[in-house]
Amino acid sequence: MTMFEELFALACSATLTMTVSADEKSGRLTVNVIPRPRQDAGEPGLTQPLSLTATPQEFDAGFIEALRGYREVRHSLAQQAEATKEVIEAAKAASVKKASDATVKAGASKSAPAKLATAPAVSASGSVADGEEEGDASPAAGATPAAAATAGGDSFDLFG
1 MTMFEELFAL
11 ACSATLTMTV
21 SADEKSGRLT
31 VNVIPRPRQD
41 AGEPGLTQPL
51 SLTATPQEFD
61 AGFIEALRGY
71 REVRHSLAQQ
81 AEATKEVIEA
91 AKAASVKKAS
101 DATVKAGASK
111 SAPAKLATAP
121 AVSASGSVAD
131 GEEEGDASPA
141 AGATPAAAAT
151 AGGDSFDLFG
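Position 14 of the sequence shown, counted from 1, bears residue number 14 in UniProt numbering, the numbering being contiguous throughout.
Just so you know, the hints here were simulated from the structure itself, not pulled from any lab data.
Certain hints may be false.
As a list, the in silico DSS-like pairs of lysine-lysine whose alpha-carbon atoms are at most 27 Å apart [what the hints assert, rightly or not]:
no. : residue 1 : residue 2
1   : Lys105    : Lys92
2   : Lys85     : Lys98
3   : Lys97     : Lys85
Here the structure is a predicted model, which means the values were calculated and not measured.
Make a model of the complete structure from these sequences and hints.
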């Protein structure tokens with residue numbers, strides 16, 4: 001590619017500002033190529049200028065390769081920035097989904113009745129139902145038949 005073809009390829013992704021200064025005593029030029037990205041403006045690596053100092057003959061021999069290398073590295077940085085952006089967006093979406101799921105679960109658990117410690121069902125006659133032993137270690141195991149009976153003498157089931 002020619003110098004202007006390389007500049008064109010670079011300018012397709014950024015507006016370029018170029019400065020050229022000469023030092024008469026040393027016979028050297030300094031060329032600065034400063035990109036202003038059209039997108040991903042927040043990525044500092046994409047705004048890093050290319051600053052080269054060399055003799056005019058060295059620029060003739062190697063400026064095109066220097067531009068090509070800069071453009072390729074800059075393109076690679078843009079790809080990395082885009083990949084990072086996609087990863088961050090995916091992580092944000094996953095986080096929102098987790099929060100939404102947690103909110104739904106929390107709302108569902110508030111509307112469901114709280115589970116109480118179940119005591120063996122005791123009939124009005126005082127016998128223990130469901131094969132539970134009266135000496136069981138559960139907190140309600142020693143409950144009296146009166147505790148399980150209503151005021152009218154009928155037994156009731158808390159979860160029935």
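Evaluated hints:
no.	hint	result
1	Lys105 x Lys92	holds, 20 Å
2	Lys85 x Lys98	holds, 20 Å
3	Lys97 x Lys85	holds, 18 Å
The structure is consistent with each of the numbered hints, conforming to all of them.
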